[in-house]
Each structure stands twice: as C-alpha cells, then as structure tokens.
Amino acid sequence: MSPESLLLWALCLPLAGALGVSLCGRWPNVREAVTIITTLSTFSCVLGILQFVLAGQVVELEVVEVLAGLPIAFRLEPLGMLYALVASGLWIPTAVYGIGYMRGHGEQNQTRFFACFALAIFAALGIAFAGNLLTLFLFYELLTFSTYPLVTHYGNDEARKAGRVYLGNLIFTSVAFLLLAVVTTWWMTGTLDFRPGGILAGKAEGPMVAVLLGLFAFGAGKAALMPFHRWLPAAMVAPTPVSALLHAVAIVKAGVFTVLKVVVYIFGIDFLTEQGASLWLMYAAAFTLLSASVIALTKTNLKARLAYSTISQLAYIVLGAALATTAGVTGAALHIPMHAMGKITLFFCAGAIYVATHKKDIREMDGIGRRMPFTMGAFLVGSLSIIGLPPMGGAWSKWFLAMGAAEAHMPIFIGVLMLSSLLSIGYLMPIVARAFFCKAADAEPEAASGDATESHPEKPGFWGAVNEAPALCVIPLCATALGTVALFFCVPFFKGLLDLMVLR
-6 MSPESLLLWA
4 LCLPLAGALG
14 VSLCGRWPNV
24 REAVTIITTL
34 STFSCVLGIL
44 QFVLAGQVVE
54 LEVVEVLAGL
64 PIAFRLEPLG
74 MLYALVASGL
84 WIPTAVYGIG
94 YMRGHGEQNQ
104 TRFFACFALA
114 IFAALGIAFA
124 GNLLTLFLFY
134 ELLTFSTYPL
144 VTHYGNDEAR
154 KAGRVYLGNL
164 IFTSVAFLLL
174 AVVTTWWMTG
184 TLDFRPGGIL
194 AGKAEGPMVA
204 VLLGLFAFGA
214 GKAALMPFHR
224 WLPAAMVAPT
234 PVSALLHAVA
244 IVKAGVFTVL
254 KVVVYIFGID
264 FLTEQGASLW
274 LMYAAAFTLL
284 SASVIALTKT
294 NLKARLAYST
304 ISQLAYIVLG
314 AALATTAGVT
324 GAALHIPMHA
334 MGKITLFFCA
344 GAIYVATHKK
354 DIREMDGIGR
364 RMPFTMGAFL
374 VGSLSIIGLP
384 PMGGAWSKWF
394 LAMGAAEAHM
404 PIFIGVLMLS
414 SLLSIGYLMP
424 IVARAFFCKA
434 ADAEPEAASG
444 DATESHPEKP
454 GFWGAVNEAP
464 ALCVIPLCAT
474 ALGTVALFFC
484 VPFFKGLLDL
494 MVLR
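Oh and the sequence shown: position 336 is 329 in the working numbering, straight run, nothing missing.
Relax, there's no trap hidden among the hints.
Pairs of lysine to aspartate or glutamate, EDC-like flavour, derived with a Cα cap of 20 Å:
#  : residue 1 : residue 2
1  : Lys432    : Glu357
2  : Lys292    : Asp359
3  : Lys353    : Glu100
4  : Lys196    : Asp263
5  : Lys292    : Glu357
6  : Lys432    : Asp359
7  : Lys196    : Glu267
8  : Lys292    : Glu151
9  : Lys352    : Glu100
10 : Lys352    : Glu151
11 : Lys488    : Glu400
12 : Lys196    : Asp186
13 : Lys432    : Asp354
14 : Lys292    : Asp354
15 : Lys353    : Glu151
Derived CB-CB ranges, DEER-like:
#  : residue 1 : residue 2 : range
16 : Asn102    : Thr291    : 32 to 38 Å
17 : Pro404    : Ser284    : 16 to 22 Å
18 : Ala194    : Asn102    : 47 to 53 Å
19 : Gly195    : Asn102    : 49 to 55 Å
20 : Val168    : Leu412    : 34 to 40 Å
21 : Ala61     : Pro404    : 44 to 50 Å
22 : Met181    : Val495    : 17 to 23 Å
23 : Asp492    : Glu(-3)   : 23 to 29 Å
24 : Asn102    : Pro366    : 30 to 36 Å
The set of hints was computed from the structure by calculation and includes no laboratory data. A virtual CB, placed ideally from N, CA and C, is assigned to each residue, including glycine.
Produce the complete structure using the sequences and hints provided.
Next up, the structure:
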C-alpha cells in the first residue's frame, strides 16, 4: 500500500470508528470492540507510514484547493511523524483504560464519550499530518470543539462552568492570535507551506518577527503558556480518561507541537537566532515552567497538582523551541513522547485511585500504597520520568534541553531546568511517601481483625485483599509505566527519526 493511501486510512479510520461507536451504542460490548479495533488499525497505518519517513521519503497529499495557492494538504515529515506515533499509540491504552474506568465508575453517556474521543484523535492526526498552516488551523479548531463534550461530560454546573472556561480560552487565543498570525504570514510571504529552514527569511525583520512569534506562541493556547493556562486546571472536572487525553495523548501536545513546528518550518531556527526574536519567549517559558511548579506544590487535589505539573512540563517544550538550537529543538521534540508516557501513567493512577477508593485529596492517601501496590508502584515510575531520572525516558529529553541551552550560551536556563526538576520532586514524591510510608487513618482497629474488605468499607476490593481498581484500569497503567522505562532505551530510534529533520 502506498504511503499516501496509508495516510488517508490513518485519518479516515478514527472517523469511521466514531460512526461505528455511535451506531453500536445499544450494545456496549460491540461498541467497545469497535473502539479497540479502531485504535489498533489506526496505529498500524501510522506504523506503516513510518517506514517511508525513515527511508527519507516525504509523504504528501493535497485534498482540495480552498483558494488559489491555499490547499488543504498533508505533508508528513519526522516531527509530524513523532506526534502521530504519540497520538495514535497512546490511544490504545487510553481506550482500554477508558473502558475499565467508565464501567468501574458506572459513568453515563459512554457512547458519546468514545465517539468524541475518536473524533479528537482524528483531529490530532490531522494536525500531525498538516502540510501548511491553513490545514493545521482547521484541525486545531476541530480538536477544540470535539473535546468540549468530553470536558463537560458530567453535565452539572461545575462541568458547564469548566466547559465555558475551556472553550472561551481556546477559542479566544486561536481567533485573536493564531488566526491573525496565519493571515499575517500569508500577507508577508504569499504562502502558508511548512518548509525546511522556514519561509520568513527576507520577508520579515526587526520587532515584527518577535511580535509574530508572540502571536503564534500565545495563539497556540493549548500549549498553556501563562497567562493563557486557566483552561487546563478547569478541565480537570472531566473523567480521568479525558484528563489523559488532555495531558498526554492529544490536546496539550497539539499546542506545543504547533509552536515547535512553526519555529522549525515557518521561522527557521537560523532566522530566529539571527534576529534574536525568541529571547523573550525563553523567559516567558521559564516563568511558566517555574511558576506552575510552585503552584503545584500548593495543590492538595491530586488531579489539580498534576494539571499544574503539565503546564510546567509543556513550557519545557516551548523553551526548547525558543532556544532555536539543534539540541534544543531535539530535546523539545523528545519531550513530547517522554512527557506523554509519564503523565498518562500518573493520570491513569489518579483515576484508578478514585475508582477503587473515591479519594481525590492527597492528604487522604496515607497508606494507600499497601492497598494499591501496582497503581502506586506505577505512580512512582511515572513520577521519576517527569522528574527526569534515568532509566526513565524523561531523563533524555531534559538532557538534550540542557545541551540546547548550553549551545545557545544560555546557562541560566540550565539552572531553570535543574530547579524545575527539584520542584518536581517536591510535588510528586510526597505522594509516593504518603502512600508507602504513612499509616492509613482507617487502618485501625479494623485491620487488626484481618478483614481487609471491612477495613475499607467505602469500596470493596476488586482483587481480594489488595484493593486495586478493575483490571482494565490497572493493566494499562502498568503498561505505560513500563513504557517510560522502554523509552529510555528507545532514544536512539527517536533521535534517528528527528535527525532526518532539515533544520536549516
């Protein structure tokens, strides 16, 4: 099968899956089988395209010309290939986890949930495959609207309020900033195509370059740069599988991917360096990186703490792009899969804790590691990856980011990265310590009787004496925890893929 055909199949399968899920809503087992088959088929198509990209072939496909010189077109290169692998690959464990979570928690509107999830993956792959800014913008907006029903899943006042913040922030930034940046780029260059080395050299200069970069950086609101970050903590009212989609699979990665792709293929890193236009963005990213970490320290709700952790980690990618060096861009790109695997593990664990114990507050999680050893063991592994310790994948992306700062002669940002890692230890490791080394408040005196189920009457154990969540929740989180370790050893593959990017 040709790479162009595989690209079309990869895009069409999630659409077909959304339709199939909607039609099979009356039969949950069939609906969920359709979901799993769709995830596996989509990932297989993306893997099929990978061999052509690794061979140095550029996969291109023009669908329709909207205006003269403005087509909806797809062009898959190494950076887009990386994001497509993340979105389609992590859809598989998220779908399995979603089935376990939605059933274990007795959620309503499950058909709508799985259908919208498939539409979100369709939009994410459209962003990954986009050959120009017009195509990227259209799929970027589709991603916002397809995930709105997921954020407001519960339909209560809190969910509706969060949905308004979510939609308001993302639509405002994309229309007020991103669309303006796209139109300005077209006016200045006469093209919106992504090209190696960028398209702005000789077309823009001086303060205008910094202004345009700012429009793109803040216009990609899904990157959650402060002060346009409030939508992300607000969206935590959604079910945990949605949080995994937001933080790891598609949404926030679409934002930082957009920033990174624009830096590489619209501005060009040499052009940015010559103009000195990205210095302000380095400091804006560093401010977001540290501020979000400090705020995370103050949060006692587990998902809220993880949300601010995500805001901080996204700023790593923006910082790497703004450094405009080969190592910085490589580190930023590597941080997309590394953070995705680590953070999806943490959110899977948060959801499993809620399903098994109905606990959200970190202060109530003393001793939970003895009752949920698989979940909290996976939480430890995911935390170490976010902190950046080997042998977890996050160690490599942070290493390349530090090398990028050194290459740019900006040692201050090496310090920022080190301080952020220390703050990560501060807001993640106390959760692990509470889970394994503190005595549960409800463990006495019932635990003395030896009846493990009665010692925690709020939730009977699914696994006997061990009070883990359903297997469909626990297996994916264990798999992604192992994935963070596997990524550490897979860096030569990812580095080889990214080396195919033409940065200059």
